[in-house]
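Now for the letters of each chain:
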Amino acid sequence: MTAGKEISGPADPRFFTRAGPFGAEQLAEAAGAELVPAKAGDGVVRDYAGIAPLQVAGPADVSFLDNRRYAPLLEQTRAGLVIVAPAFVDKVPAGCAALVTASPYLAWSRVARLFHPLAPARPGIHALACVDPSASVAPEAEIEPFAVIGPNAEIGPGCVVGSHAVIGQGVRLGRDCRIGNHVSISHALLGERVIILPGARIGQDGFGFAVGPAGFETIPQLGKVILENDVEIGANSTIDRGSVSDTVIGAGSRLDNLVQIGHNVQMGRCCIVVSQAGISGSTVLEDYVTVAAQAGLIGHIRIGTKARIGAQCGVMSDIEGGADVIGSPAMPFREFFRNVAVLRKLAKKASGTAQGETGKV
Amino acid sequence: MTAGKEISGPADPRFFTRAGPFGAEQLAEAAGAELVPAKAGDGVVRDYAGIAPLQVAGPADVSFLDNRRYAPLLEQTRAGLVIVAPAFVDKVPAGCAALVTASPYLAWSRVARLFHPLAPARPGIHALACVDPSASVAPEAEIEPFAVIGPNAEIGPGCVVGSHAVIGQGVRLGRDCRIGNHVSISHALLGERVIILPGARIGQDGFGFAVGPAGFETIPQLGKVILENDVEIGANSTIDRGSVSDTVIGAGSRLDNLVQIGHNVQMGRCCIVVSQAGISGSTVLEDYVTVAAQAGLIGHIRIGTKARIGAQCGVMSDIEGGADVIGSPAMPFREFFRNVAVLRKLAKKASGTAQGETGKV
Amino acid sequence: MTAGKEISGPADPRFFTRAGPFGAEQLAEAAGAELVPAKAGDGVVRDYAGIAPLQVAGPADVSFLDNRRYAPLLEQTRAGLVIVAPAFVDKVPAGCAALVTASPYLAWSRVARLFHPLAPARPGIHALACVDPSASVAPEAEIEPFAVIGPNAEIGPGCVVGSHAVIGQGVRLGRDCRIGNHVSISHALLGERVIILPGARIGQDGFGFAVGPAGFETIPQLGKVILENDVEIGANSTIDRGSVSDTVIGAGSRLDNLVQIGHNVQMGRCCIVVSQAGISGSTVLEDYVTVAAQAGLIGHIRIGTKARIGAQCGVMSDIEGGADVIGSPAMPFREFFRNVAVLRKLAKKASGTAQGETGKV
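Residue numbers (UniProt numbering), protein chains in the order written: chain A, 1 to 361; chain B, 1 to 361; chain C, 1 to 361.
In short, the hints are calculated from the structure, not lab data. Treat the hints loosely; a few may be bogus.
Treat identical chains as interchangeable: a pair holds within one or across any two.
Claimed, not checked - Subject to a maximum C-alpha distance of 20 Å in a straight line, what follows is the list of computed EDC-like cross-link-like pairs (lysine to aspartate or glutamate):
1. Lys306 - Glu217
2. Lys306 - Asp318
3. Lys306 - Asp47
4. Lys39 - Asp318
5. Lys91 - Asp47
6. Lys348 - Asp324
7. Lys349 - Asp12
8. Lys39 - Asp90
9. Lys345 - Glu335
10. Lys349 - Glu29
11. Lys39 - Glu25
12. Lys91 - Asp287
13. Lys306 - Glu320
14. Lys91 - Glu34
Remember, predicted model here, so these are calculated numbers, not experimental data.
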């Protein structure tokens, strides 16, 4: 059984570089956390060599607790230093120091990044890349083998364009973008620090056609895609360009894998769209909207600021800011689960009657 | 907020070519619409330089109204010419001419295409493409860098095979097909004018295996994929080849992004399958079937002509021609919404009782 | 209508090689089935040249019946030999021999493979591949054009790495793996006989970030992906690497197309995940779990051995081994269909009241 498999430490040196060691004070500063020395042991503030999950960490490792369901692991950890919320300080073993913060996950992210910094771009165009003479590639950018850079495209300093990525005619990448392997981008303008994971498709034709006398006729898709600063797009996701206006993903928004964004969608700042969700054409998401996995939104609706759309939710109309909806069709979270409970009760009551009606897939 | 962002005009010259200008008569003819001169202004039938949405169009632009929810924008537009249905002629501003037609969206598509024609193939095989000596590539076809054309493949005149596309052994493309970047096609025969957007996968092994004594054993997938004339396949969609018979997508059918088509599916003429929908193996769709976003069909069923499957619908059995179904399991549209309404009412009534039973994700 | 189209035989010679002919005894042995001679005809045990579906098979073809809904075709087949379960022996036409077995689908798979063996690797590195000098490629492996093999990667004997596949730094492939076109693999260790279909993404960053003062901050993803022996991954599926521990797909498990596997997921032996299903981060599947199409599992839950998750199911909590669930939220199969039946009955009763409340998408 997999569940019984031994858990190996993170940051396998075959795949990750490692910086450090770092002292506890240095880590506390990076984490923005308060350092609480170990209650027992030699009390010496040592240097730490790396990070590890609670189960496998040793005295030279930093670990963390974020999800309360893993709290029992904290009491048994052999880690030398743990990042925890104030509520868990009491559970830290005597020989272990703590970095205490209201945001342990954020602190963890910074400590982990300190030990394992992102490799910088290695400037230069690989001999096997295909760069149009009219393209403008910053000398500080890295272009990997078999990448294609089209006519008049602009690649900013610090960008990494992965193997087999295709950057179409006129596309502009701001500084420090990371374009994964096999990504295709056309008809698009990207801000700074945009990250696109492998296989994502940005800027292709939207799904638009009219019914003509001899079949469907394609509506020319004449808009573009705007990815603002710090946007991140998951693997194999698809973002169609606008038909008349543009498809816009607002600054800091994050899309997971296999997400579909239809033409003319406008998304505000810091939205989250989880895996396999889909947003149909011309729908507007205001800022800080969360769309959970496998949810679907029809076109031409508006989702208010900070609304949260639950997993598998089917949204057929506007949603107010701050609302919390789930179900298909979407309804308030509490109402959905109340319906589930009531139907279960009614069905149990009626079960004698319903006997034999159970379906078959 | 994104929603407050300025809307820029379409057809950014970095990405799109532009033809014209065109006179009103010429546009009326292309659109198959009746020209209604402006009620006020100089009455001169001018030339038009381009297209634009109602909000940003100026006197030299053509615009259109298709969705009644945007009607208020019509009354304020500064466009010189608008395409509208007869019902909206009265709302056209006095200084604006109109192209009146029962099919404004179709007319719009033709006018937009007139201004922004699809770039023709640029005949020739790029020096960085990899074409097997036994393949047959029409001299009028365009093969882009890093494309691979396998043994005995046939590429018809007017085809464009995008960067990094892989056309497998024996695959045949009829004339004027457009194969996007990063597409892979194997075990497939394509008709004419087939369009495949980036990253789609055509003809790979279907999901077939039998349970053997030591685990699953793969069933050899010995069929192929047939894409008939004028089929369009969206980005990152997947169409498995048949296991014994073929997987067939009928003439004129259009599939959106991230759609899954299982082995041996047979789809008739002019079907529509919207984003993230999935059709399981050996299911048959007759002609003009619509499958909305995120719907799922089990295998070995038949969907009748002109049936419409709603978004997120789960179809577990045959659907009659002309039916309109939604829900999971699928039921008639009216019944689904009646159920929703009745359950809501019952739950409200019972809400005192159900208190405290609300779930938690 | 497509459904009326003529069904062509399988194994088009443009796409498939063919071995044989084979005698009935030889086929019986390969199939692990009992040979029952034809009741009528010349009684001669002939050689068979190929395989075909019941409708199109001739006297030199082997065919099979697995799905009882196609039984009427058996009685009319002109096939010379059919593979059937004992229950159908009586329906085999008089002139046709039979291979009788309790596992006709498995027997079919072996007979089909005998006639159409998988082409072996053609050892060698294509001149247009890009292999890092520090990579270790077995001389018996085949590396196709435009493939990229990164630093210190290891490619085992018998592997085929397809066109445009990218094998990242340090990645290890055991013997006889088949990596499809356009696949990208990073931060991953693969066992033997692993098959990855075109466009799958293995080992990219998981979806992890913390809320910082200026927006989201990425959590470094420091785990890897482990694909054990005989794993198969469908086209355009995405498997994120672990954040701290690893993402593990257990031996013999099969994932269909467009499947999403989040970071740290641990999957046991011989699990099945059907198309467009998604499994969120840190969820554990024990052995022999089946997840049907478009189902979604939240993170941090455990699914017991041999549990079966129905199509479009939404799983929000642990599922016991052997359970059979469907619906969103997930419930026992019988309960789901009872609920459906009861709600339908209640809604019909209330239909006078609900009139006019029917929704509109």
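Next on the checklist: Name the hints, by number, that the structure is in violation of.
Outcome noted: 3, 4, 5, 7, 10, 12
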